[in-house]
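Novice: Residue numbers (numbering that gives the first Met the number 0), protein chains in the order written: chain A, 0 to 289; chain B, 0 to 364.
Just so you know, these hints were derived from the structure itself, not from any lab.
Once the Cα atoms are required to be at most 25 angstroms apart in a straight line, the calculated DMTMM-like pairs of lysine to aspartate or glutamate come out as:
no. : chain 1 : residue 1 : chain 2 : residue 2
1   : B       : Lys256    : A       : Asp7
2   : B       : Lys81     : A       : Asp162
3   : A       : Lys96     : B       : Glu73
4   : A       : Lys6      : B       : Glu243
5   : A       : Lys6      : B       : Glu247
6   : A       : Lys99     : B       : Glu73
7   : B       : Lys166    : A       : Asp7
8   : A       : Lys175    : B       : Glu77
9   : A       : Lys175    : B       : Glu73
10  : B       : Lys81     : A       : Glu106
11  : A       : Lys4      : B       : Glu247
12  : A       : Lys96     : B       : Glu77
13  : A       : Lys99     : B       : Glu77
14  : A       : Lys6      : B       : Glu162
15  : B       : Lys256    : B       : Glu243
16  : B       : Lys193    : A       : Asp254
17  : A       : Lys4      : B       : Glu243
18  : B       : Lys81     : A       : Glu155
19  : A       : Lys4      : B       : Glu162
20  : A       : Lys253    : B       : Glu317
Some chain A residues well away from chain B (every beta-carbon gap over 10 angstroms; in silico):
no. : residue
21  : Pro38
22  : Val40
23  : Arg43
24  : Lys53
25  : Leu72
26  : Gly95
27  : Asp254
Every residue gets a Cβ at the ideal spot worked out from N, C-alpha and C, and that includes glycine.
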Amino acid sequence: MRGRKNKDLFLGILIWFSAIVTVIVLVGIIGYILINGMPHVNLRFLTSEYSASKNGSKGILPMIINTVYVVILTLLLAVPICIGGAIYLTQYARQGKTVKLIRFATEVLSGIPSVIYGLFGYAVFVVMFQLRLSILSGSLTMMICILPIIIRTTEEALLAVPDAYREGGLALGAGKLRVTLGIVLPCALPGIRTGIVLAIGRIVGETAALLFTVGVSGNFLPKGENIFTALFGHLFEQGNTLALHLYNSAMNGKDPPSVPFATAATLLILVFILNRFAALASGQKKKATK
Amino acid sequence: MVLLLIKHYTLSSVAFFLGFVSAVVQTAFSSSLREAFIGQGVERFSSWMGYGWTLFLFFSLIASACALFLSGIENTAENIFKLTAFISVGAVGLITVYMFVSGIPAIAKIGFFDFVFGTRWAPVGTEVSFGILNMILASIFGCIGAIMIGVPIGLLTAVFLAEIAPKRLASIIRPAVELLAGIPSVIYGFWGMKVLVPSIREFSTKIGYNSTGSGLAAVIIILSIMILPTIIRVAETALRSVPESYTEAALALGNTKISTIFSVQIPAARSGILAGIILGVGRAIGETMAVIMVAGNIVQFPSLFSSVRPMTAGIAFEMGYAEAGLHRQALFAIGLILFIFIMFVNLSFSYLSGKGVRADARQKK
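Turn these sequences into a full structure, and let the hints guide you.
Specialist: Following this line, the structure appears as structure tokens:
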């Protein structure tokens, strides 16, 4: 009897120990990055240009703009596809082999590591389509990466819409397309929003898939003769994102050590904010369905 | 009458097919037109759009117009939704095909056994040699080590969250674990580079090794931290889905809470826990950025305190400077080997998740 008590005590301590280790690791990593990085994050750092020379300005404005480019372009490409796919899976398709195949493919996509996406994007978009290292080929690669994330959340959101809404719409004489786009989709918006925020988090933090598709040397602001060429021409230029910049400046050792720390802190805070948004959006969804 | 006899998709699919063929032909010949593509910004866009892809778009438009005309807006919409749904299937197909197409040539040239079991990796120089055994071993050892550290801690944390923790505490720790899953891998790598590597260096000099600190030990620790959230999430879901009656029966027979957990609940949840471990393996083998920043990147037989280079790091490290030719092809071949590993892991996960684990447990990465 006593041996068992000791064993229980031992296992209980082990469980508490593991949980504490998990928390300490988390707090340790976040704390270390923020404590060392935050003092260097200021308005000048966030809004000035970057030059690779030793004593040049070391701001991250170009990287922020590039990140925004990649995020917006990727979402423009991916969101319609994901929503269309999720609508097909939940509203149109009959359960069977086709649906199983699509679900399986989505699951496989979410398991492929980003370095493989990078190689694929390099072979297809950079070399075959002749897009070279550019924000466009990076976004096309990221589009495939985030398909499973948005498809899954959208699918769940669409499934959560009560059938009565659908039936009500159909009974009033609306066609299936009208019911889907006019009634079901708006009801599922909060869920879709969560998916999109999660996807943004993934794009912002992504490095390996972008390393071979947008390159690490695009440290300049969009420029051109007029606003049109500046805005759209930038899509075909290399664009260093925040995460890539962190990797590059940490590995190169050319920048003063405060640069990667400050970049890491900025990135971390960005990810936290997105995480919070995702939690808020899904909280809203839960309330709405209750 | 004739039009009605044609099934509505025949015409449109013919147009679509024509467009696609012309697009592919144009792309295939475009390497000879490479000079034409040197241009800036918008000019490059127009030349990229060359006649093949313009034709593709044109025929696709005709196809959709035909479909609209012949089958009405409802069917058209359904077909469009269907098309978008199949894009992920197409993507998986394309990735598989491309990994094989770009990986096979190097393996064929080097020879499968020399490639996979060769121990000398010297891609540049006069006597080139492409043997990736040491990279494969580094990947596998790193993964095994991460599983050995990460799984016990993750599983026990999952037990803590599911059974032991007071509700308040669990509701603080659970979002924290989610946060851990959301941190970009490059930040893990940076932390490892700044904190882990120096402390391992100090530790190894203390016990008599002379090392830089980067190496298998750092890789293992970083990877075991990174797979924690995956394992915790999946294991917690699995533990929670164990029927209440099992637990109650065990408690009624006089078991303590702890012994119920270890002798009833964990065995009952084992297929779910195994699925979590497999997911963790997939993440650990495929992880690139965090690994490349702490591994040291010298290709040699992996040992704890000396520099190693796992497969993923090998690809990412050399893609930057590899010249087109056998070197780059060899990197794609490493990618192919990695891809085959990952597909194997994926398929076993799907097999297990068919056996009662909810597939959405792997949500978010």
